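Enquirer: Its first residue numbered 1, the sequence shown is counted upward by one per residue in the numbering used here.
Keep in mind that the hints are not guaranteed to be accurate.
Here are the simulated lysine to aspartate or glutamate pairs, EDC-like style, with alpha carbons at most 16 Å apart [claimed, not checked]: (1) Lys207 x Glu243; (2) Lys67 x Asp16; (3) Lys217 x Glu56; (4) Lys217 x Asp87; (5) Lys67 x Asp91; (6) Lys213 x Asp16; (7) Lys277 x Glu88; (8) Lys277 x Glu159; (9) Lys229 x Glu88; (10) Lys217 x Glu77; (11) Lys24 x Glu63; (12) Lys229 x Asp91.
The hints are simulated quantities; they were obtained by calculation from the structure and are not laboratory data.
Note that this is a predicted model, so its numbers are computed, not measured.
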Amino acid sequence: MSTDTIENGETYLDRDALLAAAIKRAGVSDFGDRWFIEPMTRYLDAANAEARLTAEGAAGLREVVVKGLVSRLRMVEDIRRHPEILDEQVDVAGIILGLPRTGSTIFHRLLAHAPGMTAIRWYEAQNFAPFPEDQPGQPDGRRAYARAMIDGWLAAAPELASIHPLDPEAPDEEILILGQMFVSTMVEAMAFIPSFAQWLNTYDQSKGHEDLKTILKYLQWQDPSRRGKRWVLKSPSNLPYTELAARAFPDAVLIMTHRDPLQTVPSYVSMQAALYKLSGTIPDHEVGAFWFKRLTDWMNRFEAARGRIGEQRFIDIDYRDVARDPLTQARHVLARMGIPLNAELDEALAEFMAGNQREQRPMHDYSLERFGLEEAEILAAFADYRARYIV
1 MSTDTIENGE
11 TYLDRDALLA
21 AAIKRAGVSD
31 FGDRWFIEPM
41 TRYLDAANAE
51 ARLTAEGAAG
61 LREVVVKGLV
71 SRLRMVEDIR
81 RHPEILDEQV
91 DVAGIILGLP
101 RTGSTIFHRL
111 LAHAPGMTAI
121 RWYEAQNFAP
131 FPEDQPGQPD
141 GRRAYARAMI
151 DGWLAAAPEL
161 ASIHPLDPEA
171 PDEEILILGQ
181 MFVSTMVEAM
191 AFIPSFAQWL
201 NTYDQSKGHE
211 DLKTILKYLQ
221 WQDPSRRGKR
231 WVLKSPSNLP
241 YTELAARAFP
251 DAVLIMTHRD
261 PLQTVPSYVS
271 MQAALYKLSG
281 TIPDHEVGAF
291 WFKRLTDWMN
301 RFEAARGRIG
311 EQRFIDIDYR
321 DVARDPLTQA
331 RHVLARMGIP
341 LNAELDEALA
351 EFMAGNQREQ
361 RPMHDYSLER
371 FGLEEAEILA
381 AFADYRARYI
391 V
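Start from the sequences and build out the full structure, keeping to the hints where you can.
Expert: Structure below.
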């Protein structure tokens, strides 16, 4: 991998050039509401100044930005041609949140496999608009794009295979879409941009969630078999901005997954270190210092928000219980969301678990020492959380 830095000019991310590239690729120029320009500008400024981008990393981020803008352009054009898209009725039944590395991915995919449920697929999150060459109901181009993207990631950071199960067809996080509007923690996960993370805490991200609701309608319109099904969303990165998701989807159950921060903090820091290898050259101790403080802030923000939202919206799920008996925990949550508990459900959940054993991936190895973290610091920072949910 190149070690070229921002000083050589090759790694500079130019907003107007990216907008122009998206318009050229999409063949249309109407972005709809251009509210996203402010967070886009903030993000690019931070990436140029702080991310220590390699030439390859900058090229990758350019593509991430452009493909997101292209999806927006194509969606706006599709809605112009098919205004009935906005008439789709989308029912978001649940939103999974919690600290990262709490088993939320496997639990999300388990819930989404239940009869009557649906979720955003990884390939859809990467390109939520159909490609021009794809036929209705046959998103072959987007699937191929997603597979190539995963292959590229694993070539640059092989350890990702043990950290997160990357599958183009599997349910994944809506922040992958929100990040394409520059209003989610996804963008700070892909490049080291501490100043943007600080600014994001002060920014009203509600327009991103309004657009997300439109995108869910758009995805449902693309696949009519989803009509009448209930959506389950998931992202640990909802944690610091829980009230946004709660307001956007007022009927959704908020599903909080729990695991001891002594495991989740170093595990997530190691994931971030692997992701940063895709874009820049950030020493492990800097990754550890930033993300330990960031995760602490996430939890503090969440605890304050939970009190304002109200306990009646939440259901708590312990990582240890999911590991011991995932089907019982899934049935518990699905019942809360109004899904009938019957033999068909049990068969579907058992089928999913039979094909998704953790042993199919290499074990994820991480340590506190590698990232300059200390157990005592984590215990002190998360003392109240551990007392309430873990100990």
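Enquirer: The structure should be examined with respect to each hint, and the outcome stated for every one.
Expert: Now the hints, each set against the structure:
1. For the hint linking lysine 207 to glutamate 243, the alpha-carbon distance of about 13 Å falls within 16 Å, and the restraint holds.
2. Of the supplied pair hints, the one linking lysine 67 and aspartate 16 holds, its CA atoms being roughly 15 Å apart against a limit of 16 Å.
3. For the given pair, lysine 217 sits about 35 Å from glutamate 56 by alpha-carbon distance, which is inconsistent with the 16 Å threshold.
4. In summary, the hint linking lysine 217 to aspartate 87 is supported, as the alpha carbons are separated by about 8 Å, within the 16 Å threshold.
5. As the CA atoms of lysine 67 and aspartate 91 are separated by approximately 27 Å, the hinted pair breaks the 16 Å bound.
6. Between the alpha carbons of lysine 213 and aspartate 16 the distance comes to roughly 27 Å, so the proposed pair goes past 16 Å and is violated.
7. Of the supplied pair hints, the one linking lysine 277 and glutamate 88 is violated, its CA atoms being roughly 40 Å apart against a limit of 16 Å.
8. Proposed proximity of lysine 277 and glutamate 159 is supported: the alpha carbons are some 11 Å apart, at most 16 Å.
9. Taking the CA atoms of lysine 229 and glutamate 88, the gap is near 12 Å; set against the 16 Å cutoff, the hint holds.
10. At roughly 15 Å between alpha-carbon atoms, lysine 217 and glutamate 77 fall within 16 Å of each other, so this suggested pair holds.
11. Distance hint between lysine 24 and glutamate 63 is fulfilled; the C-alpha atoms sit about 13 Å from each other, no more than 16 Å.
12. A C-alpha spacing of about 7 Å is found between lysine 229 and aspartate 91, which places the hinted pair at or below 16 Å, so the restraint holds.
Comparing the model with each earlier hint shows violations of hints 3, 5, 6 and 7; every other hint is respected.
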